[in-house]
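**Q** Residues per chain, in single letters:
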Amino acid sequence: MRIELRDIRKYFGPVKANDGINLVLEGGRIYGLLGENGAGKSTLMKILSGYQPPDTGEILFDDQIQHFSSPADALGKGIGMLYQDPLDVPAFSVNDNYLLGRDQRIVLDYKNASHELQEMTARFGFELDLQSRIENLSLGERQQLELARLLVGGAQVLILDEPTTGISAEQKEVLFGSMRKLAREEGKTLILVSHKLDEVQELCDEALVLQRGKLVGQTDIPCPNEKLVKMMFGQVPERSARPDFDLGEVVLELIDLRVPTYRLTIKDINLTIRQGEIFGFAGLEGSGQRLVLQACAGLLQPDHGKILLDGQDVSSWPYHRMQNAGVGYVADGRLEEGLVAGLTIEEHVELAKPKHSFFINRKVLFAITETKIEQFQIVGRPDSTADELSGGNQQRLLFALLRDNQKSILLENPTRGLDVRSSNWIWDQLNHRREGGTAILFMSSDLDEIFERSDRIAVFSGGNMSRVLETVNTSVEEIGHLIGGQA
Amino acid sequence: MNTSRWFRWVWPAVPIAGALVVTSLLLFLFGAAPFEAFQAMYQGAFGDQSKTLSVLAFWVPLLLSSTGLLITFKAGLWNIGIEGQIVMGAVAASWVALNLEAPSAVLIPIEIVAAMLGGALWAALSAVLKTRGNIHEIFSGLALNSIAIILTNYLISGPWQPPEGGTFRGTAPFQPSALLPLFANSRFSPLSLILAVIAFILVVIALRGTFWGLKLKAIGVNLRSAFLLGVSSEREMILAMMFCGALAGLGGAVRTLSWFDSLRQSISGGIGFMALMVVMLANYRMFLVPPIALFFSAVLSGSITLQLRTQLHSSLGGILTELMVLFVLLFGDWAKLGIFRKKDDDG
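Each protein sequence line maps, in turn, to chains V and A.
Sequential numbering of the first sequence, starting at 160, is according to my numbering.
Sequential numbering of the second sequence, starting at 47, is according to my numbering.
No lab work stands behind these hints: they were computed from the structure.
Take the hints with a grain of salt, since some may be wrong.
Said to hold, decoys possible - Here are the simulated DSBU-like pairs of lysine-lysine, each with C-alpha atoms no more than 30 Å apart in a straight line: (1) V:Lys373 - V:Lys386; (2) A:Lys263 - V:Lys522; (3) V:Lys514 - V:Lys531; (4) V:Lys175 - V:Lys373; (5) V:Lys512 - A:Lys263; (6) A:Lys97 - V:Lys514; (7) V:Lys386 - V:Lys175; (8) V:Lys566 - V:Lys531; (9) V:Lys389 - V:Lys355; (10) V:Lys531 - V:Lys175; (11) V:Lys522 - V:Lys465; (12) A:Lys263 - V:Lys531.
Just so it is clear, the structure is predicted and the values come from calculations on it, not from any experiment.
Bound-form chain V, shown alone (with noise of 0.2 Å):
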């Protein structure tokens, strides 16, 4: 099938998401859309796949003008899209959230539906147990059967938005597999939406670059890195360094710690963090790293073993006084666990202040607030909201938040979602904090950033933590071995 947008346009108030996109797609290839944060990806490909309507503009199959009324009528129409969050049903059996999204019958053709799904899964070599619930799965397998399900909802054009933050390297592998089968040998259209120029080098037959809602750039892979980046941002933006650093006093210890979960149970961990060093925790997601930080931060209680922060046993310290004794915690989900939706930057401004008066000194208060938004270089207004900001302006507005003169700040994907850019900016917020005497430890699904920024690494698989590895001598093999569980 061949899709054609024509002048799509999709203005948010003053904001143009789409202005004026035209593209043509064929049937049998694989395409990267590429683009900063905020260039309009997102946008566009909620237009194609029914989400929401373009402002203007058309779309059009094999020369047929087409209006969406929903995502179900775009995949009607074939247009299937796969979100970072699969949209199913947790407490959900695999075989019931296929049928939820297919059968309208009332007596559910369970017998059918097996034999649909195990045809599915043995072409394109996924594994999926159809008996298990949904909450019980992987991302990545949680992924696969959403596959299967836009595929047999007749899906000619699949729109895959970051499919790859998440999942194991394995299932990457078997998700690029399945996509190439899909374009070469059944001749649908694929969308691949990411960051990662290496995907999209391994990939893509063809790159589509976005910038401020305009498509700038078309060209056909492979062809140079530097070409898509510059296409990208305009220019090359410099990778900030890792500059050298002499470390100082063992800051945090952490001794046959134990922290027990509902989920999991993380055991013997032993490290020792020294002031400015990077400590960088890789492994899948749910792995363990997580709770590790959360100890650390005083949110996990550990119910063996000792937290000593610059020798004194902080294990038992609950969260408030971790945090008054100079220990920084930054969350993943930025509007869940950081920010409150609603609240203006001014207030969180004033919310996470060291000190308060009983009154708020809102002239002070708005100072104190226009130097940080400077500061941190946050586009917004003191009186904006936190939802009102995108991904990137929240982060760096979570940075803007933590105090002054930390001993530690423990992360969790500091740069999830962020652009090449932003991710650079945080990074060299962190590299200044550790110039300072900081210990940093973060956890990353991205294993580049591991590599790019810390000193050291550890990896957990299963709630285990590997052997402490020095950057310098390690490689991306080995630390994928650890990842996958083997030693």
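Once you have looked at the hints, place chain A on chain V.
**A** For chain A alone, coordinates are given in the frame of chain V:
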């Protein structure tokens, strides 16, 4: 944008109008003339000075309770237990009135402090059950409401029964120096109105201009984020509940020391639940709370006259106000209707 702002302020009138229409239909069904009925209600509320004073006397405890609820609603708490907090305020004030003897100038302040403490501690129970016991404040509130009412019944039929014997009606009238000074020949105490106005102003200041108000706002929207930002959510929640309980308790004291002259079986008379409706109807706009509370008082007083004049049951007033709340819940936040959404985006 101007249209939508105007709309936002006028919106509360829509459920009122809707409720009036449905009530009119009900009146038609019972063969009564709606206009006459509403006129009778108005006459009953503001027909002469004593009626107006009666509306005011009912308004004060309702305003106090609604003002307290502004705090708990801001913190995202459903303080259903406010009814029990009013009762416990009344019980505490009654204890002082029955057991201490002093001139008014001494006794009344003690009664007021005791009532506020009684309400606050009863609310604190609900709050601690939530933060420590993980019991939702709606359930603990309902349970504590029942316990407070049972306790009142026990007191008036047991230890505090009048000398002539327990009747389940109430205690004997308190000593005159224990009662609030009343205006003319009514049940309205100007002192109580002054206290209510002060309470309302304090709450507005607390919610608008203090760090505490900001913390409550953050807790009310996102407990987890507020906690991570450094707000001690447990402490603030308990404080918010106690603040509300104290105002509700004060309301209870006003009921027992001016509306009545003794501790009665139904000392609150559902004022707490009515206050919940007032605040829901006001929908976070603080300055709408006093007029809405006054309107509710007027409807309730008016429906008594309605019964006398038209033989329609006085519960019609209750039906009218409750229909309004239903309409508010139905139409909810006007923004959710999406009428002006497009314009809002542009502005």
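**Q** Now tell me if each hint is right for this structure.
**A** Hints versus structure:
Using a Cα cut-off of 30 Å, the hinted pair Lys373 of chain V and Lys386 of chain V holds, with the two alpha carbons roughly 17 Å apart. Of the pairs offered as hints, the one joining Lys263 of chain A and Lys522 of chain V holds, with about 20 Å between alpha carbons and a cut-off of 30 Å not exceeded. Between the alpha carbons of Lys514 of chain V and Lys531 of chain V the distance comes to roughly 17 Å, so the proposed pair stays at or under 30 Å and holds. Using a Cα cut-off of 30 Å, the hinted pair Lys175 of chain V and Lys373 of chain V holds, with the two alpha carbons roughly 9 Å apart.
Using a Cα cut-off of 30 Å, the hinted pair Lys512 of chain V and Lys263 of chain A holds, with the two alpha carbons roughly 16 Å apart. Simply put, Lys97 of chain A and Lys514 of chain V have alpha-carbon atoms about 52 Å apart, too far for the 30 Å limit, and the pair is violated. Taking the CA atoms of Lys386 of chain V and Lys175 of chain V, the gap is about 25 Å. The hint holds against a cut of 30 Å. With a C-alpha separation of about 21 Å, the suggested pair Lys566 of chain V and Lys531 of chain V falls inside the 30 Å cut-off, and the hint holds.
For the hint linking Lys389 of chain V to Lys355 of chain V, the alpha-carbon distance of about 14 Å falls within 30 Å, and the restraint holds. Distance check on the hinted pair: Lys531 of chain V and Lys175 of chain V sit about 27 Å apart at the alpha-carbon level, within 30 Å; holds. Distance check on the hinted pair: Lys522 of chain V and Lys465 of chain V sit about 45 Å apart at the alpha-carbon level, beyond 30 Å; violated. At most 30 Å may separate the alpha-carbon atoms for a hinted pair to count; Lys263 of chain A and Lys531 of chain V meet this at roughly 22 Å.
The structure shown violates the earlier hints numbered 6, 11.
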